[in-house]
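Those protein sequences? They're chains A and B, same order as listed.
Remember, our numbering sits 265 above the position in the first sequence when you count from 1.
Remember, our numbering sits 1360 above the position in the second sequence when you count from 1.
Some hints could be false.
Said to hold, decoys possible - Covered stretches of chain B, as calculated for chain A (at least 3 residues, CB under 8 angstroms):
#	segment
1	1367-1375
2	1460-1474
3	1536-1545
4	1576-1586
5	1589-1603
Said to hold, decoys possible - Only pairs whose alpha carbons sit at most 16 angstroms apart, straight line, appear in this in silico EDC-like list of lysine to aspartate or glutamate:
#	chain 1	residue 1	chain 2	residue 2
6	B	LYS1606	B	ASP1620
7	B	LYS1672	A	GLU474
8	B	LYS1712	B	ASP1620
9	B	LYS1389	B	ASP1563
10	B	LYS1672	A	GLU471
11	A	LYS480	A	GLU581
FYI, nobody ran anything at the bench for these hints, they're computed from the structure.
Using N, Cα and C, we set each Cβ at its ideal position, and we do this for glycine too.
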Amino acid sequence: MRSSALAGPSGRSDDGAREASAAGRAAAAEPFLSVRGLSKRLGRAQALLDVALEAHADELLVVLGPTGAGKTTLMRTIAGLETPDAGSIRMAGQDVTAMDPAERDVALVFQNFSLYPRWTVRRNLEFPLRAPGRRVSEPEIQRRVGWAAELLKITRLIDREASRLSGGEMQRVAIGRAIVRRPRLFLMDEPLTNLDAKLREALRVELVELRRELKTPMVFVTHDQAEALSMADRIVVLSEGRILQTGTPREVYERPVSPVVALQLGQPAINLLRVRRSDGQWVATDGTPLMPAEAAGPSERLLGIRPEDIALLGVETQGHRAEGPRGAAVEIVEYIGPTTTLLCVWAGAPVHVVVPRRGTIRPGDRVFPRINAARAVLFDVDSEPPRRVSRGLPGSHSSLASPPALPLKGGPA
Amino acid sequence: MSFLVLDRLRKTYGDGTPAVRGIDLSIEKGELIVLLGPSGCGKTTTLRMIAGLELATGGAIRLGGEDVTSLRPSQRDVGMVFQFYALYPHLTVRENIAFPLRAARVPAAEARSRVDDVAARMDLARLLSRYPKELSGGDQQKVSLARAIVRRPAVYLMDEPLGTLDADQRLAMRELIRAEQIASKVTTIYVTHDQEEAMSLADRIVVMEGGRIRQVGTPADVYDQPSDLFVAAFVGSPGMNFIPGKVADRAGKAIFVSHDGQIPIEVPPVAPCAEATLGIRCEHVHEGADGALSGNVVTEEYVGNASHVHVKTPAGRLIMRAANASARPRGSEVRLRLDPAQISVFDAATEKRL
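Generate coordinates for the entire structure from the input sequences, incorporating the hints supplied.
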């Protein structure tokens, strides 16, 4: 994004930047947005329960959760479109819980582009500035629309009817409609979800840089873990209306507080293996030693290890299979760009391994995995969530066709 | 002769809009072919012509040696899978899987044996009398795949079948499809706009754009040796880095010089070219004091098992894939080294690989 485009409406951007950095200093003491004890019931469902979060003046906060986690309700409540049953919302030190949406001065962008299809891009962009009660002068409207269009690279489309735009162009216009108002806070509800994979990837970076230039805080909601990891300054993991963990992408990815959080981040998902302590080792249910165990603590654990934190010590191709230490049988090999993803049967369980790209491993080969113990996470055995997806495979060649029943103690059947 | 042949296949809509502009493709029996491209590239129209749901306006389709170009869908031995729809909750697993057979009026005894076949193959036999709500999420997915493939046509045609699933379900389903296809060896043509899905599933990828085929090759071919700038940018996440410049001949060696003059670098032997584009993937850009390019960090995208560091250099913006050891502050200076063995060079005018 060219910075010259920021010599914005009425030359306000310099002042704006100064104000924002002053706000940034103040933010060390107080966050711009502060949500406390927020609860909301929708019909019979508890959509939000005791939600607390903060977004600082120059921060992109991502709320990550699956469908039905309460993400949209949270955004609508912050925007003032829903009234909470309990809790408070403060912005810039002021309690806004009882304020009208318009008074809060926030901009909401939805997954569905919500443009007027028969209007031109220009008219769509002007619309929020011409809303009743807003007294923006005509030259100022034109300046801001021109500024937003240039920033979002849609100047050449300015006189085109919205219905004739591509999905990506429409979403740029929708974002443009949010920024022309220069709101105090952006709320983005899955704005990239309906776009092609390639376009999503590009817009991700553009949105981060746009927000940084505008120096306006943003709360961004998504179910896409890649989006959350790459865009967030901090991530809030939401599940069934509750916050499970808040932290930087790295903290949440590397030190998840529970298996539920661990499974939310990372693709392919983290491997979870039941282990028990035996002779100073954590061993799998089939007796395979996996890594050294500390002397104290519970004797059974759930071991979480990310696929890229398992190294391969060797590969035996089919037909050259020696007797010896137990290895893992390779079931599926996926070559994806710089890495190779293997699905193996190891220690009696399906396990994903991601290694730097190698073109030599094939289904049916045997590999010898080793866990990077420093990167492993240990959870309580009774914290294992029910699996939403199966790692069992079809096909007669597959030794996973009938996965051995794992003796689960206290876990779901 | 190949099992399925598209011969100068063309589709122009009634209003004159060309959707597919004459494509040639030969598919062998048992292959899993992915048609990959952005919205509007013609991939779905091509699939629908193979299915018989759209009629070609030019060219021919031959299946097993027979010209099927103008046959009705029911006369072609192809099975279209649109999406892995939710299961019917009031029907048992057996009834769910048998549903497409009933719709196709397959005699009851034969339907029964086909359901038994697919259920045995996919380890669902023990679940046949259960209802969907009694199954785990993973078993429900298996049942929806079983239902999609129970008809056992000569060719499966799959049109973005995973589009509506969550990311983790997509991955599991992708593995199911791949394992099933390897086991059953039914020729499969799969349409997607998701390059990662294409890379992970395909025996060969057909990259399409603007109604034309840009490249046909194995995932490794398409990734390592893209035939033009479009393929280089579209395949990979992120797409290739590009640097504009020229290729000169110096003492018999091909040397690429960027327009800003910052990097002269030896490239694989190609003819001199006044307007060229160097392409390099982010995992082949390395940080190093001996690097030819210097720049400043613009932003860093954390992707879990690595980071994508965006660096602004005089030669343009480059993305480097880096291990996670250290976070690099915005604005900090880095020197970048390009792995010479991994460089692609394109003619900037024709956009073709040199």
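Comparing the hints with the structure gives:
{"no.": "1", "hint": "1367-1375", "verdict": "violated (count 0)"}
{"no.": "2", "hint": "1460-1474", "verdict": "violated (count 0)"}
{"no.": "3", "hint": "1536-1545", "verdict": "holds (count 7)"}
{"no.": "4", "hint": "1576-1586", "verdict": "holds (count 3)"}
{"no.": "5", "hint": "1589-1603", "verdict": "holds (count 5)"}
{"no.": "6", "hint": "LYS1606/B x ASP1620/B", "verdict": "holds, 11 angstroms"}
{"no.": "7", "hint": "LYS1672/B x GLU474/A", "verdict": "holds, 13 angstroms"}
{"no.": "8", "hint": "LYS1712/B x ASP1620/B", "verdict": "violated, 22 angstroms"}
{"no.": "9", "hint": "LYS1389/B x ASP1563/B", "verdict": "holds, 12 angstroms"}
{"no.": "10", "hint": "LYS1672/B x GLU471/A", "verdict": "holds, 15 angstroms"}
{"no.": "11", "hint": "LYS480/A x GLU581/A", "verdict": "violated, 54 angstroms"}
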